[in-house]
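2 protein chains.
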Amino acid sequence: MKTLQRVASIKKIEQGNIVTPQGFKTAGVHAGLRYSKKDLGIILSDIPASVAAVYTQSVIQAAPLDVTKDSIQVEGKLQGIIVNSACANACTGKQGLKDAYEMRNLAASKFDLAPHYLAVASTGVIGEYMKMDKIKRGIELLEPSPADKDAIDFEQAILTTDTVTKNCAYSVEIDGVTVTMGGAAKGSGMIHPNMATMLGFITTDAAIESADLQLALSTITDQTFNQITVDGDTSTNDMVLVLANGKAGNQALSPTHPQWDTFIQLLKQTSESLAKQIAKDGEGATKLIECNVFGTESKHAAQIIAKTIIGSNLVKTAAYGADANWGRIIAAMGRSGIDFNPQQVTIAFGDLVVLEDGEPVDFSEEIAKAYLEQDLLVINVTLKEGSETGTAWGCDLTYDYVKINASYRS
Amino acid sequence: MKTLQRVASIKKIEQGNIVTPQGFKTAGVHAGLRYSKKDLGIILSDIPASVAAVYTQSVIQAAPLDVTKDSIQVEGKLQGIIVNSACANACTGKQGLKDAYEMRNLAASKFDLAPHYLAVASTGVIGEYMKMDKIKRGIELLEPSPADKDAIDFEQAILTTDTVTKNCAYSVEIDGVTVTMGGAAKGSGMIHPNMATMLGFITTDAAIESADLQLALSTITDQTFNQITVDGDTSTNDMVLVLANGKAGNQALSPTHPQWDTFIQLLKQTSESLAKQIAKDGEGATKLIECNVFGTESKHAAQIIAKTIIGSNLVKTAAYGADANWGRIIAAMGRSGIDFNPQQVTIAFGDLVVLEDGEPVDFSEEIAKAYLEQDLLVINVTLKEGSETGTAWGCDLTYDYVKINASYRS
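Note that the protein sequences, when read in sequence, are chains A and B.
Counting from -1, one number per residue, gives the positions in the first sequence under our numbering.
Counting from -1, one number per residue, gives the positions in the second sequence under our numbering.
Since the hints were made in silico from the structure, they are not lab data.
Don't take every hint at face value.
The list treats identical chains as one, so a pair stands whether inside a single copy or across any two.
Stated by the list, open to error - With a Cα cut of at most 30 Å, we get these calculated DSSO-like pairs of lysine-lysine: (1) LYS274 to LYS401; (2) LYS401 to LYS367; (3) LYS67 to LYS382; (4) LYS92 to LYS382; (5) LYS129 to LYS367; (6) LYS367 to LYS132; (7) LYS367 to LYS92; (8) LYS367 to LYS35; (9) LYS382 to LYS96.
Let the sequences and hints guide you as you build the complete structure.
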């Protein structure tokens, strides 16, 4: 798979979201877990949908993940996802698990579904118990519809310290019919996926079996959700779920389908869009940082180097200060665990080369500063070890990151 | 070796430093690499000394490290260390290497030593060339003495963003004679050793061959210098050097010497003292954080967990905000790469238990906040996987860290 290639026929749908694909409804309400913001949402498919999931690789996994895995293993199908913010229901012991099952059952009862057709997701503070009376009341308030306004409500309901909602939608022709995919996500801090990174929900009307959908998701996760970092911390609640309800009417997709690569690109583009939106909205961030690494022996090496650079507090503070301090970039590379020849390293901010084949370049600080003051910073690193490439996304480290996290819980 | 045991007979020498052991001189001067602060220093032993060294494990190693390694490999002896701050002489290509050798030769000439008896160390900005005219003039100004005031000058000359000098000295009886050890260090940012962490210089009048001294240093490095982190970044210039000139007159130390463990403890206590001073003076830090992990299967596992907790930006910001957010501690543990049973984890701030066997404890927020507002925060984590222990040290993440690093280079 040529991973940096775009399939020209994939169309971005402006203002698209999780209900842009056929056969999905959603809602978001204020259940009272938070003072005034919306805090409970649901996505429903009209019919049971194929499902793919990836979860945090943390040893500590929150109760909702157990419940979701339990739901999926029954039939490999889901018809809905019930999500709350404010409380992560993580490290809450037996009571937490009981609460997560109860949340699933309450939603199943409200929407007349078998409980195992529902996934549960939570995000918020770790170690606090769910306020189940509020969850119960909130579920009663949910009135899902396919209207965009309800998708916006859902997107808002899943946020924590996020400052903006995250969404996207794309479509492409497969088997002569239009296949559409939409996404919603939340994530701002505790973002350093070894797998997922946050909550990510993707809907599509493509026809595809769950096993193939899982294969597709696993194929692109390492290049998208796993390549963003805000602060190096991996959440206990990370989860990405993809629902595919087949309403588009294409031939079922699988690796032998002639347009399998097209579908992979559709999923990759949707995932990358959500991942970048999350990185850009990192806690306290003022800019998105993209790091492209070229010329490594393996894709893995390029991805590790890119992510180590993006994750460096010193690179992140220099980005905030618009300081062309490339020494911190090569220092981060040096500790990435990947071996390379320092005398063959070239580093550029955008097109501005600052280190060439290991020797400092006498560049214009003025031009560098002007470039670094923009809200997108692209760091391009070239080695001469091979022909592979990799990209990672992150954000700068600012006073506001400290402010947000020195007082998050209270 | 019982690593947490202290040898009762080791005495701390108040106001002790690198010239407290017999037969060492030092000096620090303003060479002009910086506007007004001292920026060039030297340590000299009266006679060639046994030497042990550990270096950064970064793929990128600065020129002075190459020169130091080259010096040591000739005879395994050193008589002095010439050190500058302000410029790291890293990523400076062929010119940088030439400059580092020239710095060595100028010092050798001034003090009438064979060049291979001198080590070179640099710290400061990466990617800038050395101002050799200033180095040359500075070396001419160096007038080493065994006086404490010159040790203070040296300690100041090696600092970068550090706010305080770091020093210590201890003594112990070995073979009926007093063996003394002293240390000086710098390090404040780019501190996340995989080996060293910063510049650390230890002097002792103990008699010991270089190979045994290296064994001793390698034994304790993983429990001291390698267990501190300020910001997760590993420098290109990290180096710890130990010089032992034998002036104390003890029988040469080796693993078969009956007091070998005593010497190991002396070196460990000196190293731990310097390491903790560095962690406490982390860029922008307001407090030292110590994390003790008990009850793991291996010491390695305990050290990894402790260091992952100490390294978490979210734990560090919560510490700054005096927020008893233990969820961030267990989240960091979960991503440490060490497997454990979450239902057997107990977490305490000092003596205040907040999570017991995986279940949240209803603790007093007032008492927790009062504890967390102190300038030493001890996080105690207990697992029930085995009987090993490990400790790591770090500091909180504050507005000032961002301030310092958003404008360090300019």
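A quick look at each hint next to the structure:
| no. | hint | result |
| --- | --- | --- |
| 1 | LYS274 to LYS401 | both (23 Å within a copy, 26 Å between copies) |
| 2 | LYS401 to LYS367 | both (26 Å within a copy, 17 Å between copies) |
| 3 | LYS67 to LYS382 | between (43 Å within a copy, 27 Å between copies) |
| 4 | LYS92 to LYS382 | between (53 Å within a copy, 19 Å between copies) |
| 5 | LYS129 to LYS367 | between (49 Å within a copy, 25 Å between copies) |
| 6 | LYS367 to LYS132 | between (50 Å within a copy, 29 Å between copies) |
| 7 | LYS367 to LYS92 | between (54 Å within a copy, 28 Å between copies) |
| 8 | LYS367 to LYS35 | between (39 Å within a copy, 28 Å between copies) |
| 9 | LYS382 to LYS96 | between (54 Å within a copy, 25 Å between copies) |
The earlier numbered hints are all upheld by this structure, with none contradicted.
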